[in-house]
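Student: Residue strings, one per chain:
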Amino acid sequence: MELHMSNDTNSSSGTRWLLVHTVAVFAFLYLPIAVLIVYSFNGEGVGGFPPHNLTFDWYRMLFADAAIWESVGNSVVVALSAVAIALAFGVLAALALDRAQFPGKALFRRLVLLPLILPGIITGLSLLMLFREADVKLSLLTIVLGHGTALISVATTEVFAGLQKLDRAQEEASLDLGASYWQTFWRVTIPNLQLPIIGAALLIFTLSMDEIAVSFFLIGRDNTLPLEIWGRLRRGITPEINAISTIIFVFSLVAIVIWYRLRVRTEGRPAIAELIEAAVQGN
Amino acid sequence: MFSRAYRAAVTVPPLVWVTVFLLIPYLLMFCYSFWSVSMAQTVVHSWTLDNYRELLRVNVYWQTLFRSMWIAARVMLFSLLLGYPLAYYLSFHAARRKDLLYQLVIIPLWVSYLVRAYAWKTILGSDGVLNTLLQYTHLSKHPLEFLLYSPFAVVLTLTHIYTPFTMLPIYASLEHIPRNLVEASHDLGGSPSQTFWRVIFPLSIPGVLAGATFAFVLSLGDFLAPLLLGGPSGIMISNIVVSLFGAAYNWPLGAAISLCMLVLVVGLLFISERLEKKWSFT
Numbered sequence: 054m055e056l057h058m059s060n061d062t063n064s065s066s067g068t069r070w071l072l073v074h075t076v077a078v079f080a081f082l083y084l085p086i087a088v089l090i091v092y093s094f095n096g097e098g099v100g101g102f103p104p105h106n107l108t109f110d111w112y113r114m115l116f117a118d119a120a121i122w123e124s125v126g127n128s129v130v131v132a133l134s135a136v137a138i139a140l141a142f143g144v145l146a147a148l149a150l151d152r153a154q155f156p157g158k159a160l161f162r163r164l165v166l167l168p169l170i171l172p173g174i175i176t177g178l179s180l181l182m183l184f185r186e187a188d189v190k191l192s193l194l195t196i197v198l199g200h201g202t203a204l205i206s207v208a209t210t211e212v213f214a215g216l217q218k219l220d221r222a223q224e225e226a227s228l229d230l231g232a233s234y235w236q237t238f239w240r241v242t243i244p245n246l247q248l249p250i251i252g253a254a255l256l257i258f259t260l261s262m263d264e265i266a267v268s269f270f271l272i273g274r275d276n277t278l279p280l281e282i283w284g285r286l287r288r289g290i291t292p293e294i295n296a297i298s299t300i301i302f303v304f305s306l307v308a309i310v311i312w313y314r315l316r317v318r319t320e321g322r323p324a325i326a327e328l329i330e331a332a333v334q335g336n
Numbered sequence: 483m484f485s486r487a488y489r490a491a492v493t494v495p496p497l498v499w500v501t502v503f504l505l506i507p508y509l510l511m512f513c514y515s516f517w518s519v520s521m522a523q524t525v526v527h528s529w530t531l532d533n534y535r536e537l538l539r540v541n542v543y544w545q546t547l548f549r550s551m552w553i554a555a556r557v558m559l560f561s562l563l564l565g566y567p568l569a570y571y572l573s574f575h576a577a578r579r580k581d582l583l584y585q586l587v588i589i590p591l592w593v594s595y596l597v598r599a600y601a602w603k604t605i606l607g608s609d610g611v612l613n614t615l616l617q618y619t620h621l622s623k624h625p626l627e628f629l630l631y632s633p634f635a636v637v638l639t640l641t642h643i644y645t646p647f648t649m650l651p652i653y654a655s656l657e658h659i660p661r662n663l664v665e666a667s668h669d670l671g672g673s674p675s676q677t678f679w680r681v682i683f684p685l686s687i688p689g690v691l692a693g694a695t696f697a698f699v700l701s702l703g704d705f706l707a708p709l710l711l712g713g714p715s716g717i718m719i720s721n722i723v724v725s726l727f728g729a730a731y732n733w734p735l736g737a738a739i740s741l742c743m744l745v746l747v748v749g750l751l752f753i754s755e756r757l758e759k760k761w762s763f764t
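Protein sequence lines, in the order shown, are assigned to chains A and B.
Plus 53 on top of the position in the first sequence (first one is 1) and you've got this note's numbering.
Plus 482 on top of the position in the second sequence (first one is 1) and you've got this note's numbering.
Rather than coming from a laboratory, the hints here were simulated on the basis of the structure.
Bear in mind the structure is a predicted one, so any value in this text is a computation, not a measurement.
Yeah, the Cβ is synthetic: ideal placement off N, Cα and C, and Gly gets one too.
Not one of these hints is a red herring.
Ranges between beta-carbon positions, derived for each pair:
1. 303/A - 729/B: 35 to 41 Å
2. 192/A - 487/B: 34 to 40 Å
3. 609/B - 76/A: 26 to 32 Å
4. 523/B - 105/A: 51 to 57 Å
5. 563/B - 303/A: 30 to 36 Å
6. 120/A - 731/B: 26 to 32 Å
7. 524/B - 311/A: 47 to 53 Å
8. 251/A - 585/B: 16 to 22 Å
9. 109/A - 523/B: 45 to 51 Å
10. 103/A - 624/B: 15 to 21 Å
11. 585/B - 109/A: 25 to 31 Å
Throw the hints in and build the complete structure from the sequences for me.
Tutor: As structure tokens, then:
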């Protein structure tokens, strides 16, 4: 609903100021992204104004670059495994929080949410110490464990919100009609939670693909994409990074549209805002 | 209606997993902070307060922690200043464009953190986009060197990254304000500014607190933006921790600093939650 306050000259100048501010903030948010895309086609490489010699050379270089594509493959494998772990434990944790009483429940809830709000370095280092003490060699597997654990919170928050709206009568009916808990879980509970689960999976996948602070400490021989990019950035500015970022940006746009459609179908509730609030408030 | 077995089946696996991969690692960090490193560079598992004495003794740790907090405070402030009016515009004035604008706020979050930080580097560098633009338009003859490799660059980049995160919870809390409260204020003769400061703003405080805490805490612990854009004057506390876990090889001291950060963060979350409860009207 829009509020009209235009009968007051003071407020209409206020509204104009607000509009200018909004445009300026969007410009600020999109400036680096625009630069990134424009300079991925710039023959002179990164920097220098105005951009000239439009070229696809950086994209050609990128497609010939085996190391980058290997890291993309690693990242996809890590993200898919993280989705599996986070969903498996996140859904159970949401059910536990919704339906069971156990000692330390409040602490458990806080603990699950902590990695969302803690700087990644703390979670990354504490896991590094665990793997060191347990004599586990660092590899993609340790990154998977890190991402999977840190992102359980996303699945739990989303699914828990879904459970609050779930009508338990359906599950009750299923149980009364002689279905086992196992059957009821797969045929009634999970289908009813389909949308929060898909939403959580997409969010976990994208967060894992971009994660660097935790991975930074758990990396073995094989790089994930953000770490591969990091390694190259440390060596200097490299235009093929603009090219890969542009490609990922386009893919992300598609993912966001899908994700947003899903959210709107559930009820258009801003999930990220809820995650932030849950993380800060611990519930 | 759920049997004991069902409740155990949903509770035990996540409980065990979270204990092994979250609780024990955080406790291990606590233990490490009381251990030490031998001359042969192995970790000695005997208890000592030396790491904490070292922290109190060496000024660099405190100075860097305070500098990090100062950087984080500026990021928080700027994110609020940019994010609040944006959220307000979307919630009260965007009308049919609301959904589109909301998506436009979300989209930058899907561009890699690292890549956006690096884009700022290409903008701010001495032969970067901004400096060459200034020279091209003859606004400046020489490149401005202070833009990159400074705390300014770190604050700018982190503000860019955390503004959407700050805006989202504020927007959510503005959306929850019943519109008839706002109308009632107008009808009872409240001016727009009175309506804002006495009705809307107090009701949006929970969102402000969530966004501010998120921006402060996550920029406090950042180590990538300072490494990419900070230069020597932009070093933050996490950079010290990274070097203690890397080249300097003193994990216990690094763990002690991390634990201080952890305590600081948990303390802030506690305060923020208290304030949130105080200002929550629902």
